[in-house]
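S.K.: Take a look at the letters that make up each chain.
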Amino acid sequence: MTKQLVALRVNRRLHELAIESSWLLLDTLREQLQLTGSKRGCDDSSCGACTVLVDGIPMLACTLLAASCEGREITTIEGVTEHGALAAIQKAYGDWGGAQCGFCTPGFIMTVKHLLATTPKPSEEKIREALSSNLCRCTGYSQMYEAIKAAVEAEQKGLAGDEKNAPSRT
Amino acid sequence: MTVKPFQLLCPRELSDALATLEKHSGNIRVLAGGTDLLPSMRQRLFEPEYVLDIRQLREIQGIRLTEQGIEIGAFTTLHAIENSDELKRSYPLLVEAAKTVASPVIRNMATIGGNVCLDTRCLWYNQSLSWRKSCGFCIKKDGNICHVAPGGTKCWAAFSADTPPALLCLQAEIEIRNASSSRRVTLEKFYTGEGDNYRRLQPDELVTHIFLPRGSALYGGAYRKLRIRGSIDYPLAAVAVALKRKNGDFEDLRIAITAVNPAPLLVAGVQSLVNRAMTRERMAEEIAELAARTAKPLTTSALTPEYRREIIRVFTKRAVLEAAAD
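From first to last, the protein sequence lines stand for chains A and B. The first sequence lines up with residues 0 to 169 when you count with numbering that gives the first Met the number 0. The second sequence lines up with residues 0 to 325 when you count with numbering that gives the first Met the number 0.
It should be emphasised that the hints constitute simulated quantities derived from the structure, not laboratory data. Beta carbons: idealized from backbone N, C-alpha and C, even for Gly. Don't take every hint at face value.
Per the computed footprint, the stretches of chain B lying under chain A, defined by three or more beta-carbons under 8 Å from a beta-carbon of chain A, are [stated by the list, open to error]:
hint : stretch
1    : 168-179
2    : 245-251
3    : 269-278
4    : 287-297
List time: in silico DMTMM-like cross-link candidates among lysine to aspartate or glutamate, alpha-carbon distance up to 25 Å [stated by the list, open to error]:
hint : chain 1 : residue 1 : chain 2 : residue 2
5    : B       : Lys-3     : A       : Asp-94
6    : A       : Lys-148   : A       : Asp-94
7    : A       : Lys-125   : B       : Glu-95
8    : B       : Lys-243   : B       : Glu-172
Take these sequences, add in the hints, and give me the full structure.
M.R.: Below is the structure:
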């Protein structure tokens, strides 16, 4: 099958790629653009490890054709940092041990990023509902709730990135 | 797993899409949200030469209020359905069922048309090519045996979508179009009851709209779904109940079940049991018995048929009592 030129906008940069119609967005991100942050977990759309934002909405990169994403803005975990520094949610995940083995983390961060963008002050129930899209095999969900609540608080106090906001490490 | 190469077609107009479907009829698959089709294509369950991406067809997107009720474009995401104020107000049962589909992220992609057209599922079918090859291909795909009912010639793959039982209770109709004509059928008539050839849709046809009649607006209801995990999973048995009341009595009660037969089914004979001289609890039990008898689960999924049928009974009773208490 012949390849076609597709213009993909990923993390605010435009890439012209020669790809086949049947290529999945996940493979294209990982293998053509070397953006290996998005992970292939289950390969049958039941784990959320490949979650990316398409026009700001979380979707599964393993269940999207790259060619269908032409003209849409894709954000991967590599595009989450703000001005070269960790985003509040990334820092909070680190501080609160939200990541254990780390494999599911990029997917979770994308889901949470959308949650915080649409619901700046989510209730516990809202957080749980949002996280129900992603699977953590280490089952480290409690620390993630803590991290998300800390990130929300940090954003509100404008303390994102501030050391004082982190839990004590004694 | 990779997908076998195909040519992707992305028309902007519905008429172009329908002409394309006609031109490549039989060798083309329709891609909406992709949450059912793409995993299946990775498992080589479908290997079409062409894929029709209907994402850009504005004519089949969105929720519209009409004189007859509500018209939903087939390419409307389940996320849009669960967040529609109009649907929440008038057809809460559909919203409740839509909210249980898969996970929030999948509902951002999945569409109502795709949910109505969802392929039937079976432990012996939704597997990779090498898995199916080593166990022996079945009737539904590439073979002539059934692992679920050995010796049988009928496919028992279970219809496993959540919104169709709610749509059945709400007496929804769907619009189906091809390049030259359009037809409107009740959802009940859309499904065949066969696991392999599960819907009445010609290769050149596209489901374009779903209509909810005004007569079914403001029905109360409940949807109960059995699955192993609390999210992401398909239903393994589920029941939808729609209820209209008048002066405290049941004026109209409709019940539909899913994931336990090759089609979602309305439970027949429910209305004859309502408002008879018996306690509400007793009535709910008799209706639950009817629902359990309508369910014909086989070993198509992770839980046993006996358990799934019993759950239909338990969930039906609970859902009827819950709808009655609202």
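S.K.: Now tell me, hint by hint, if it's right for this structure.
M.R.: How the hints compare with the structure:
1. 168-179: Violated: only 0 residues of the stretch 168-179 of chain B have a Cβ under 8 Å from chain A.
2. 245-251: That given contact is violated, which follows from only 0 residues of the stretch 245-251 of chain B lying within Cβ reach (below 8 Å) of chain A.
3. 269-278: violated (count 0)
4. 287-297: violated (count 0)
5. B/Lys-3 / A/Asp-94: Judged against 25 Å, a Cα distance of about 43 Å means the pair is violated.
6. A/Lys-148 / A/Asp-94: Roughly 12 Å separates the two Cα atoms, so the pair holds.
7. A/Lys-125 / B/Glu-95: 16 Å, holds
8. B/Lys-243 / B/Glu-172: Given pair B/Lys-243, B/Glu-172 holds - Cα atoms ~19 Å apart, limit 25 Å.
Of the numbered hints listed earlier, those contradicted by the structure are 1, 2, 3, 4 and 5.
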